[in-house]
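Peer 1: What follows is each chain in one-letter form.
There are 2 protein chains.
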Amino acid sequence: MIKVGIVGYGNLGRGVTLAVNSAKDMECVGIFTRRDPNSLIPAVDFPVYSIEKLNDFKGKIDVLLLCGGSATDLPNTTANYLKDFNTVDSFDTHAKIPEYYSKLDKIAKENKTLSAISIGWDPGVFSIARMLFGAVLPNGNDYTFWGRGVSQGHSDAIRRIDGVINAIQYTIPKEQALECVRQGKNPTLKTGDKHLRECFVAVKPDADKALIEKTIKEMPNYFADYETIVNFVSDNEVKEMQKKLSHGGFVFRSGNTTDENSHLLELSLKLDSNPEFTGSVLTAYGRAVARMAKEGVTGCLTAFDIPIKYLSPLSNEQLRATLL
Amino acid sequence: MIKVGIVGYGNLGRGVTLAVNSAKDMECVGIFTRRDPNSLIPAVDFPVYSIEKLNDFKGKIDVLLLCGGSATDLPNTTANYLKDFNTVDSFDTHAKIPEYYSKLDKIAKENKTLSAISIGWDPGVFSIARMLFGAVLPNGNDYTFWGRGVSQGHSDAIRRIDGVINAIQYTIPKEQALECVRQGKNPTLKTGDKHLRECFVAVKPDADKALIEKTIKEMPNYFADYETIVNFVSDNEVKEMQKKLSHGGFVFRSGNTTDENSHLLELSLKLDSNPEFTGSVLTAYGRAVARMAKEGVTGCLTAFDIPIKYLSPLSNEQLRATLL
Chain X
7 MIKVGIVGYG
17 NLGRGVTLAV
27 NSAKDMECVG
37 IFTRRDPNSL
47 IPAVDFPVYS
57 IEKLNDFKGK
67 IDVLLLCGGS
77 ATDLPNTTAN
87 YLKDFNTVDS
97 FDTHAKIPEY
107 YSKLDKIAKE
117 NKTLSAISIG
127 WDPGVFSIAR
137 MLFGAVLPNG
147 NDYTFWGRGV
157 SQGHSDAIRR
167 IDGVINAIQY
177 TIPKEQALEC
187 VRQGKNPTLK
197 TGDKHLRECF
207 VAVKPDADKA
217 LIEKTIKEMP
227 NYFADYETIV
237 NFVSDNEVKE
247 MQKKLSHGGF
257 VFRSGNTTDE
267 NSHLLELSLK
277 LDSNPEFTGS
287 VLTAYGRAVA
297 RMAKEGVTGC
307 LTAFDIPIKY
317 LSPLSNEQLR
327 ATLL
Chain G
7 MIKVGIVGYG
17 NLGRGVTLAV
27 NSAKDMECVG
37 IFTRRDPNSL
47 IPAVDFPVYS
57 IEKLNDFKGK
67 IDVLLLCGGS
77 ATDLPNTTAN
87 YLKDFNTVDS
97 FDTHAKIPEY
107 YSKLDKIAKE
117 NKTLSAISIG
127 WDPGVFSIAR
137 MLFGAVLPNG
147 NDYTFWGRGV
157 SQGHSDAIRR
167 IDGVINAIQY
177 TIPKEQALEC
187 VRQGKNPTLK
197 TGDKHLRECF
207 VAVKPDADKA
217 LIEKTIKEMP
227 NYFADYETIV
237 NFVSDNEVKE
247 MQKKLSHGGF
257 VFRSGNTTDE
267 NSHLLELSLK
277 LDSNPEFTGS
287 VLTAYGRAVA
297 RMAKEGVTGC
307 LTAFDIPIKY
317 LSPLSNEQLR
327 ATLL
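Protein chains in written order, with this note's numbering: chain X, 7 to 330; chain G, 7 to 330.
No lab work stands behind these hints, which were simulated from the structure alone.
Do not take every clue at face value.
One copy or two, it doesn't matter: identical chains are merged, so the pair holds either way.
[Stated by the list, open to error] Computed cross-link-like contacts, BS3-like style, restricted to lysine-lysine with a CA-CA straight-line distance of at most 27 Å:
1. Lys9 <-> Lys66
2. Lys9 <-> Lys102
3. Lys249 <-> Lys210
4. Lys276 <-> Lys64
5. Lys118 <-> Lys300
6. Lys196 <-> Lys64
7. Lys276 <-> Lys196
This is chain X alone, in the form it adopts within the complex (with noise of 0.2 Å):
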């Protein structure tokens, strides 16, 4: 059995619990939180400790998998867990990954232990789609589409702005520019082309709901550069929106082998729950970290690095026979 611990239990903690709940091969023998551990009811009947008693289970865990967020947990958290601890990480600040990636990697090779980092969908499985689709097709063009899903950062930022009370961020990816590319016309496409974006806004009664209209949608960086369709709608039902948690998202190769032929490739998404895929994503790489630790292998890797059989608790002879 794959001695597993959860660090951090918010939405994505929770979807690494159930995870690792149904993965025969995995124990977990606890869930590590800031909070205080008896107000902690999580979804599977897993032991909870206070995260300043994760020093007493050195040697008694085969990795952590950490569900922090990227702005400010595991930048600050991960290097001194991998001194005592295999982990696995989703940090999806892809600006910061090559400075995330060195930092651990030096960490990890001077303590002996092993990380897996920018786990989850994207980065994660559309990296490697990304990867493997510009490996295979190398004469041509990528697209990565994103939603129907919640933006967090883009939420946050209409919550900011005076007079809101609440607010949700639809990501939607644009038909028009999905079909194009499906059409392998390699149009050149810049991410405000690829995406619209909805806002539900809920504000106070003396609100100037114009004003607020006008400044989400000239906000720089988060707006301005995007077709934005802001909706008026009363607190409850913001807060109805944000119980769901569903996402997804288009990665796309298009491209040539000859000036005849040419070919699409596409990998697609389409998930109920945005953490609880996560999580179980998160699962898989924590089972690959566990074994290949286990051969010795050290430092800090990415899914471009892990032969994708260690993901899997069948047998490489059964992946042979079964899945080849």
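Since chain X is already given, all that's left is putting chain G on it; use the hints.
Peer 2: Chain G in isolation, oriented as in the chain X frame:
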């Protein structure tokens, strides 16, 4: 530069030739053929040698890309090449993969060479999707659909019928079955429920068309379990269709993380030229085998065992910075 030898020059050999030519980090040492080398004019001006000359190139080729068929070529020749060379092949007789694997793994380890087998799009890219999807969404069902594309085996079977001059058979995914899977209904589907078979048949002037149609539709294994459409056309029309080697297909994984939340993962390929795309995949894995062999890896590998970073000419740093 990676030094490549291409063995065999049919449709696949031509596809590999084009792919090696556009790979900036590869150099083709030669195309090796059983035919008279003077009779062969390849798509790219690479040297052509008789297969008997291959032994002269021991130590001068990093990887052989084997472009023979799975019925007789590969089972009879790969083991022999592996004594002196690293190889990549597209062995696709699914039922015989375990046996083929064991035989080659033994020979490769004895001779300290490296072999990647069953590379292409199915087995190959589709196998990666099936395995990865199953690992990250363990509670679910797989569906593989092939087509629209030519089945060489079924076309051959029709051509063996008395009175038939020429024939081509297209395997076509059933829209209704695709739709049912896409809606997450998790149907139980046999191959015959997923595909229909459309045949274009040229017959002798005095042939009994009704009898030929009946013979096709009732042919066990090949057509009896399928919805089959038979069209009678001229030999020229069949020949025209035989020039187009388009193919494609779909891999789905449909499953749940909880009772409420289901997910759909889909990979699809639309290929204008099956052999050109397969050749391009084989070439990328040639890069991987050449590199892994240089690192000292020996034995037999499949797409499940090879970290995808090895497929790309980009450095690991570039991959992490641009594609993760």
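Peer 1: Take the hints in turn and mark each one as holding or not.
Peer 2: Okay, the hints, checked on the actual structure:
no.	hint	result
1	Lys9 <-> Lys66	within (7 Å within a copy, 48 Å between copies)
2	Lys9 <-> Lys102	neither (30 Å within a copy, 36 Å between copies)
3	Lys249 <-> Lys210	within (22 Å within a copy, 67 Å between copies)
4	Lys276 <-> Lys64	neither (38 Å within a copy, 50 Å between copies)
5	Lys118 <-> Lys300	both (11 Å within a copy, 25 Å between copies)
6	Lys196 <-> Lys64	neither (47 Å within a copy, 50 Å between copies)
7	Lys276 <-> Lys196	both (23 Å within a copy, 24 Å between copies)
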